[in-house]
Amino acid sequence: MSALAPAPGPLPSSARSKHLAQSPAVRRDGRWWLVTTSGVIAVTDPVFTGQLNRFATAMASADQAVAGSRLQQDQSPARPRGRRR
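If you read the sequence shown in the numbering used here, its first letter stands for residue 1058, the second for the next number, and so on.
If you're looking for bench data, these hints aren't it; they were derived computationally from the structure.
Fair warning: this is a prediction, and the values are worked out from it, not measured in the lab.
It is possible that part of the hints are untrue.
As the list claims (entries may be wrong) - Pairwise CB distance ranges (calculated):
| hint | residue 1 | residue 2 | range |
| --- | --- | --- | --- |
| 1 | 1131 | 1110 | 28 to 34 Å |
| 2 | 1093 | 1129 | 39 to 45 Å |
| 3 | 1125 | 1096 | 37 to 43 Å |
Where is the CB? At the ideal position from N, CA and C, for every residue including glycine.
Produce the complete structure using the sequences and hints provided.
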């Protein structure tokens, strides 16, 4: 079950909290929360939090792969333009 906690706005930003992609899901201090216009809902369902954890892990892996690819492109020497023989 989830509990609705009234809040004047989103969770305060800090190094300990991060939105999951462009969703209302926020992980803060190891717990998942859904931020709504009327408050913050603590996510306590283990199946749902497991899915959020798996999605967050997949997103982090994808972000690392993209960053690695960009770094590799930036470090590769420029290929000379010309005709191959």
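We went through each hint and held it up to the structure:
1. 1131 - 1110: 28 to 34 Å: holds, 32 Å
2. 1093 - 1129: 39 to 45 Å: holds, 41 Å
3. 1125 - 1096: 37 to 43 Å: Since residue 1125 and residue 1096 have Cβ atoms about 39 Å apart, the given range 37 to 43 Å holds.
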